[in-house]
Structures are given as structure tokens and as C-alpha cells.
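**Q** In order, the protein sequences belong to chains U and R. Counting in the numbering used here, the first sequence runs from 30 upward without gaps. Counting in the numbering used here, the second sequence runs from -11 upward without gaps.
A portion of the hints provided could be inaccurate.
Unchecked claim - Taking lysine-lysine pairs in the DSSO-like style, the calculated list, with each CA pair at most 27 Å apart, reads:
hint	chain 1	residue 1	chain 2	residue 2
1	U	K208	R	K83
2	U	K300	R	K89
3	R	K193	R	K36
4	U	K136	R	K117
5	U	K310	R	K200
6	U	K145	U	K182
7	R	K65	R	K193
8	R	K197	U	K275
9	U	K48	R	K33
10	U	K136	R	K89
11	U	K309	R	K200
12	R	K83	U	K48
13	U	K310	R	K36
Calculated directly from the structure, the hints in this document are not laboratory data.
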Amino acid sequence: MSDKERIRLLIREAELYRKQSLLEESKEKYEEILEFLQGHERYSKDKKLIDAVQGKIRTVEGALDEIENTPETPELSREVHELISRLFSFSENEETAAMEGAIALAKFGQYDEAIKSFKELIQEGIMPLVAAKNALMCHLTLSSADAAIAQFKQWLSQETFSAKELRYLRLTLSDHLAKRGIGVDLPQVSEPIPGEVQEKEEEGIIDISSFVVRWANGPLKGQRTEFEVSFQSGNTISTIIAAQEKDLVDAFKPGLQLSDIECFSPIAVFKGKGIVADMKKISSGRRQRDYSLDIRIEGG
Amino acid sequence: MKGPGSGIVGYMAVFNAKDRVIECKIVYYGPGRSGKTTNLEFIFKAGKKYTNSDMVSINTKGDRTLFFDFLPIGLGKIRGCDIKVQLYTVPGQAKYSSTRKLVLKNVDGVVFVADSLEIRRKENLASLKDLQQNLAEQNMNIFMIPLVIQYNKRDLGDQGVPIMPMELMERDLNSKLKAPSFEASAVKGKGVGDTLRKCLILTLKHLQKELKWTQ
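Given these sequences and hints, build the entire structure.
**A** Here you go:
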């Protein structure tokens, strides 16, 4: 192959990579061409040719810079927001699905829209504590610590949350502010009216979306099995086990102590213990013959 | 556990027994710029009779997929059930790992779009490994899920650009998986239909078994 043919081939390759938006590859190829030209006396003095190749490299670098500097969270239409919430909420439980939809907006960087959704969930009483914490996280991710603090103060002046919940939110917010090097003395939560704590206590339990059981004994010893929570009532979580999962069906007997459970909530992962509260065969409906398992979580 | 009738392996398909509607999810996976969006665009243009909806693409500069592409299609009735399919693409660039995980959640079938360009060999391998890991994170096994591999951009060989021989790509990507594979040029529509058709057949057969769906 002659030098001219080689140069022509390399240019064709570099151009094709550029058209394919494989810009790094295109740049490398142009640099290879430049090196080749500069290494051959016959071409190294051809200023026009070398300028042309250098110009191509600059063009590709410009395109790379443009991509690098493009905001990664574009403004999306309301329809797309709704689509994201709908497509990325997987739970059959409507309330959990609503929370998943709001969290999906945050995961896709649509923080303002996510905050709106979390506020709606709070108003509707759907996992309000989880929604509140996520709303604060969104404010902080948007680098608007002031907005997060203002939001906390607003909740403090309202009756949306119990004193216990507000203390939890205060602790969470101050932790995250401290991690960002923001030293703010958040207002204290006043003591609750006697009786209020009892009434609200159950609402303060973190919603668990999935959990992992690590088997300490029996035929499944050493294995870990993940389950998705289909229901939660207080500290009892429910899941469904398909009838064909015979090992699992046999393993979960009412009263069985589970010493190592990892619980996942939209806001945290925590370890705990549990006891099998119930395990029964589903007698009707779509999941007929499968099993419904209830586990009472007993904390870490 | 996820989805109706599932065991440890989760899948997304929703079977509405009353209305006899099955909705399933197929994800186009692969390295950045391998042609996943081009596949969906071709399907959208060629198959307008199968969809009433627009294709949704959330892109950034240079037509790179930022979040995902989404195209819902209807296949009509099969064995008495109305089959609705949601086609997604993931963003291929390595940095969008969390988005890929989210889009892959509860997937029923996967099309892996590999780039035939020689310079993209490493990226193909890395993306396939990423797919395996992300499936494993949701307790799914790459060897068990309906999977079709597409070797895209075969036409570029004619333009004097080095592309990998099919044997090499098969050895790199499919020697263990032994998934059905197709040569394609998505930009020309070649191989796009065959790839999708095969993935749909595998996915529906799998669901038929899982959902015990009969006429």
C-alpha cells in the first residue's frame, strides 16, 4: 500500500468514526494520521495538509467538549415525567408504586418534579416520612440547603408529622448538612403531647421495599435469598413465594427465627432479625397455590 | 420476588387474566453507539401499524441516549391473549450504570446489540459483562433469560473500515451463551426484524411456561 493510499484509508476511517459519534476513536485516528505525516519528510513540510488534519482534530475535540459540557439532566415535558413515573413503578401495591414513581423521577435527575411528587404523597398520607426524607434529599442534591432547611421549618410549624418523625427528619437533615460542611443549628422539635407518640409511633416505621434472608441453618445454609415486599403492616412484612420454590416453602415454618435479615427501604438499608409470623397457601386468585409469607421484623 | 408467578427469578410481564392481556418488556442492551436506538427507530418506522404511540427518546448531544428510548407495540392476539410489548433501550455509555440498572428492572427479554467495528471489541465485552452483573443483581441469570445477540454495522466493512469477522464476535460474545444471533445493519433495517422476531418468540415461549398461559 502506498503512503497516499494509507493516508486516504486512515482519513476515511477517522471520518466514519466521527459520523458514528465515536469521537474519541475518531480523534485517535486523526492523531495517528498527524503522527504519520510528521514522521515522513515528504509530508511533514506540507503545511496545508497538516493544518487540515489539525483542524479536524480541533473539530472533534470541540464536539467532545460540547458533549462533556451538556447538562445531564435535561428539562423534560410533563408527559415524559408522567411516563417515567408510570414505567418505573413496579409494585402492585398502589401506594408503593406511587412512591417508586416519585423516586424514579429523582433517579433520573428530575428533582423539582420529584419534590412536587413527594409533597403530594405527604399530603395524601402515602408513606409520608419516606416522602419527606426523599424531598429533603432532592433539595440537598439540587444544592439548595436553604430550601431543605426552609422545608423542615415549614413541617415543624405544621401538624403533618409527629414530634418523633420530626426529630427523625431533623437528625437526617442535620447529618446530611454536616456531611456537606454546612453547620446549621436546626430548630429543636418540641416535646410531644402525651398520647401523641403512641398514636403516631407505628407511622414512624420505615417502609421496607425488599429484604434478604441469609440462611444460618438447614438445607439453604450459607445462601442468601432476596424477596420483594408485597405488603407491610407495621413491622410485619409480607411476600409471596411461588409454589415451585419448594426449598423456600419448606424452609419457612411459623415460629422460625431469622437471625440475619437485611432490609431495604427507599431511604436506607438496615440489618435486623425476624420471626416467621405466618406461612399459608393462597387458595384463590391469580397466585392460587403459591404461598403468602409474613415475617415480623424485630430490629437489629 | 417480582412479578406474578415468579420464583426467585423476577420478570416484569403482567398477565391480566380477566381481560386476557399480557404486557412484557424487552430491553436493547449494548455498548454506546452500537445502534440500539437505530433498531427501535427502524421498528417504529416500519411497524407503525403495531403502535398508536410515539417513540420516546431522551437524548443528549450527539444523539447519545441519556436515559432510555421507549416504544410500546401491540402484537395482537396470540393464543387468545392480547400481547403488548414495551421495547426499551439503555444508555450505553459506561457512566450511566445506575440508569441501565433501572431500565433493566423486571425485564422479560434482552437483545444485545454488539458493534462490529474492530475498535469496539473491548466495549462489547465490557457491556456484556455489565449486562450479566446487572441481571444477577436482580436475581436473573443471563443463561436463563430470553436473549438474542445482534452483530450490528456489518455494512461498514464495505466502506473500508475494519470490522470483526463473525467467527471472532461469536467466540468473544456467544461461545458460552449460545444465544441466537443475527448479522445486522440497523441503519438500513437489515436484520432488525429478524432479531426482534426471535427475541419475541423466545420471550413469549418463556412467559407461556412461567404464566401457564393457555387458550
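**Q** Does each hint hold? Answer for all of them.
**A** Here's how the hints hold up against the structure:
A hinted pair counts as satisfied when its Cα atoms are at most 27 Å apart, and K208 (chain U) with K83 (chain R) qualifies at roughly 24 Å. With a C-alpha separation of about 24 Å, the suggested pairing of K300 (chain U) with K89 (chain R) holds against the 27 Å cut-off. Proximity of K193 (chain R) to K36 (chain R) is assessed by CA-CA distance (about 25 Å); at most 27 Å being required, the pair is judged to hold. Pair hint K136 (chain U) plus K117 (chain R) holds up; C-alpha atoms about 23 Å apart against a cutoff of 27 Å.
Among the hinted pairs, K310 (chain U) with K200 (chain R) is consistent with the structure: their alpha-carbon atoms are about 19 Å apart, no more than 27 Å. Between the alpha carbons of K145 (chain U) and K182 (chain U) the distance comes to roughly 17 Å, so the proposed pair stays at or under 27 Å and holds. For the suggested pair K65 (chain R) and K193 (chain R), the alpha carbons sit about 15 Å apart, so the restraint of at most 27 Å is met. For the hint linking K197 (chain R) to K275 (chain U), the alpha-carbon distance of about 18 Å falls within 27 Å, and the restraint holds.
Taken as a hint, the K48 (chain U) and K33 (chain R) pair is honoured in the structure, with Cα atoms around 22 Å apart against an allowance of 27 Å. Between the alpha carbons of K136 (chain U) and K89 (chain R) the distance comes to roughly 11 Å, so the proposed pair stays at or under 27 Å and holds. Simply put, K309 (chain U) and K200 (chain R) have alpha-carbon atoms about 22 Å apart, close enough for the 27 Å limit, and the pair holds. About 22 Å separates the Cα atoms of K83 (chain R) and K48 (chain U), which keeps this hinted pair within 27 Å; it holds.
The straight-line distance between the Cα atoms of K310 (chain U) and K36 (chain R) is roughly 45 Å, outside the 27 Å bound, and the hint therefore fails.
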